[in-house]
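Enquirer: All chains should be built: construct the whole structure from the sequences, respecting the hints.
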Amino acid sequence: MIFTPFEIKETVDMFLRYKLDIRAITLGISLLDCVSSSGEETRRKIRDKMLRLAGPLVQVGRDIEVEYGIPIINKRVSVTPIALVAGASEDRDYTPYAEILDAVAKELGIDFVGGFSALVQKGFTTGDQRLIDSIPRALATTERVCASVNVATTKSGINMDAVRRMGEVIKETAALTANRDGLGCAKLVVFCNAPEDNPFMAGAFHGPGEGESTLNVGVSGPGVVKAALESYRGASFDDLADAIKKTAFKITRMGLLVGQEAAKRLQVPFGILDLSLAPTPEVGDSVARILEEMGLESAGTHGTTAALAMLTDMVKKGGVMASTHVGGLSGAFIPVSEDEGMVAAVRAGSLSLDKLEAMTCVCSVGLDMVAVPGDTSASTLSAILADEMAIGMVNNKTTAVRIIPVPGKKAGDWAEFGGLLGGAPIMPVHRFSSDAFIARGGRIPAPIHSFRN
Amino acid sequence: MNAIITVVGTDQVGIIARVSAFLAERNINIEDISQTVLSGNFVMMMMVDLSQAVEGLATVKGDLKTLGDTMGVSISMMHEGVFSAMHRI
Numbered sequence: 001m002i003f004t005p006f007e008i009k010e011t012v013d014m015f016l017r018y019k020l021d022i023r024a025i026t027l028g029i030s031l032l033d034c035v036s037s038s039g040e041e042t043r044r045k046i047r048d049k050m051l052r053l054a055g056p057l058v059q060v061g062r063d064i065e066v067e068y069g070i071p072i073i074n075k076r077v078s079v080t081p082i083a084l085v086a087g088a089s090e091d092r093d094y095t096p097y098a099e100i101l102d103a104v105a106k107e108l109g110i111d112f113v114g115g116f117s118a119l120v121q122k123g124f125t126t127g128d129q130r131l132i133d134s135i136p137r138a139l140a141t142t143e144r145v146c147a148s149v150n151v152a153t154t155k156s157g158i159n160m161d162a163v164r165r166m167g168e169v170i171k172e173t174a175a176l177t178a179n180r181d182g183l184g185c186a187k188l189v190v191f192c193n194a195p196e197d198n199p200f201m202a203g204a205f206h207g208p209g210e211g212e213s214t215l216n217v218g219v220s221g222p223g224v225v226k227a228a229l230e231s232y233r234g235a236s237f238d239d240l241a242d243a244i245k246k247t248a249f250k251i252t253r254m255g256l257l258v259g260q261e262a263a264k265r266l267q268v269p270f271g272i273l274d275l276s277l278a279p280t281p282e283v284g285d286s287v288a289r290i291l292e293e294m295g296l297e298s299a300g301t302h303g304t305t306a307a308l309a310m311l312t313d314m315v316k317k318g319g320v321m322a323s324t325h326v327g328g329l330s331g332a333f334i335p336v337s338e339d340e341g342m343v344a345a346v347r348a349g350s351l352s353l354d355k356l357e358a359m360t361c362v363c364s365v366g367l368d369m370v371a372v373p374g375d376t377s378a379s380t381l382s383a384i385l386a387d388e389m390a391i392g393m394v395n396n397k398t399t400a401v402r403i404i405p406v407p408g409k410k411a412g413d414w415a416e417f418g419g420l421l422g423g424a425p426i427m428p429v430h431r432f433s434s435d436a437f438i439a440r441g442g443r444i445p446a447p448i449h450s451f452r453n
Numbered sequence: 454m455n456a457i458i459t460v461v462g463t464d465q466v467g468i469i470a471r472v473s474a475f476l477a478e479r480n481i482n483i484e485d486i487s488q489t490v491l492s493g494n495f496v497m498m499m500m501v502d503l504s505q506a507v508e509g510l511a512t513v514k515g516d517l518k519t520l521g522d523t524m525g526v527s528i529s530m531m532h533e534g535v536f537s538a539m540h541r542i
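Just so you know, the sequences run in chain order D and Y. FYI, in our numbering the residues of the first sequence are 1 to 453. FYI, in our numbering the residues of the second sequence are 454 to 542.
You may find that some hints are simply not true.
With a straight-line Cα cutoff of 27 Å, these simulated DSS-like cross-link-like pairs (lysine-lysine) come out [to be verified]: (1) D:Lys9 to D:Lys317; (2) D:Lys9 to D:Lys316; (3) D:Lys246 to D:Lys9; (4) D:Lys45 to D:Lys316; (5) D:Lys317 to D:Lys245; (6) D:Lys245 to D:Lys155; (7) D:Lys49 to Y:Lys518; (8) Y:Lys514 to D:Lys317; (9) D:Lys317 to Y:Lys518; (10) D:Lys19 to D:Lys245; (11) D:Lys9 to Y:Lys514; (12) D:Lys245 to D:Lys9; (13) D:Lys19 to D:Lys45; (14) D:Lys355 to Y:Lys518; (15) D:Lys9 to D:Lys45.
Just so you know, these hints were derived from the structure itself, not from any lab.
Expert: Below you can see the structure in the form of structure tokens.
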């Protein structure tokens, strides 16, 4: 046999016992050639182009699943930020653009479309402003469309006008989806240093620097890493780090195989592989449980930041060795509602919003799927955004916030979002005001170490 | 294409015979086979060539699962490429 029994069993167990999967194959599509002075004409072109390029996506995904025996959970599309596409038209409300993306996704069986987005780290164009104003209604009237707004970069600093506005937009979005615990906010991400090739939702968009069309793949697998670490109880960090790295390498190689095969069948270039440990609400698919496997009684206790820092770095190192083009977010995600172990940690009182913020300094994204009381003010939400953007800006990393002020609910209540989004206990926020801070507006300048030219 | 079939479960009379007969009926050639006991479980591995198979991949997979259920063992089939990607550089 060309493989040893141990190798074969290891691989089979990864899929059958430890829930390894391809989280998403995401086809990026440029919509820049759909721009027209007429909104209707633009939307017709968007529809035609998506049908043409993404038409075979779902079938290709299913064929690969059967042929390779690897589950592909989501088939997704990311598009050029709609603010760039719709800006040329006379439209004031961009909701119809979200509706056309939603309609095409449903027609093709695509799970999510990302790209109802704007990049406003340094200022707003008219199109950016209209898009941001349209977000609450767009997310309330569509199911599969995801929105994101990049409000800061290390190079440009933080657009505090955008931060202020996004606090209000999050509130409005929650209000318009109040009957579903503010579900609209689960499809809205505010970014610092947003990657242009991220295959994961809700923050995926096809950046303006990308080509015509490209296929990116997002691999997950927290269950596999946890299982690998179980045989290293009591071992030193050197051994632990090595175990994570080797596992990440194997997972990435599998993802690369699928990504390249999917790209070939769709006749588009393969873009990047994003190896992110992305949890799901299912037991055995949790990042928090990996941290606990390292020796912490409950995620969020002292030592959690160090554990997460090593996990994220070793995942990156294993991934970089295994794929020529690694991109997106690559590392570990710490969404609260989507991670059974995180939810348990919040319930046990070991994980607070402040500790989560500290963890975002070393994870690969940021404050993710956090439910807060419905009466949290827009300025407090903006202040939470500002803190997170500052962490990203100063540390040259992507940070993001996906926060849900759940209408009518208070700290300790339960919010349910369903499916992969899960549910979460509502976490308290600080009761002291940030009103005057957020009211200032303007820009926080880029940090000194951003000037590398 | 080549695939690797694994059968994991409690050892019993006729596992190899039944799986081999199943494959022969569908014109699937066994290229390599080995069996061992790992962590207390009977594990059989087969490398098979599906290029001349008389049935589609999805059907073969479904029927293999059913066969496994009747014997009380777990049978899976995956593309050889997955193993190569993970274990061979």
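Enquirer: Each hint needs a verdict: does it hold in this structure or not?
Expert: Each hint, compared with the structure:
no. : hint                 : verdict
1   : D:Lys9 to D:Lys317   : holds, 25 Å
2   : D:Lys9 to D:Lys316   : holds, 25 Å
3   : D:Lys246 to D:Lys9   : holds, 16 Å
4   : D:Lys45 to D:Lys316  : violated, 38 Å
5   : D:Lys317 to D:Lys245 : holds, 6 Å
6   : D:Lys245 to D:Lys155 : violated, 31 Å
7   : D:Lys49 to Y:Lys518  : violated, 40 Å
8   : Y:Lys514 to D:Lys317 : violated, 35 Å
9   : D:Lys317 to Y:Lys518 : violated, 37 Å
10  : D:Lys19 to D:Lys245  : holds, 18 Å
11  : D:Lys9 to Y:Lys514   : holds, 18 Å
12  : D:Lys245 to D:Lys9   : holds, 19 Å
13  : D:Lys19 to D:Lys45   : violated, 39 Å
14  : D:Lys355 to Y:Lys518 : violated, 46 Å
15  : D:Lys9 to D:Lys45    : violated, 49 Å
Hint violations for this structure: numbers 4, 6, 7, 8, 9, 13, 14 and 15, all remaining hints satisfied.
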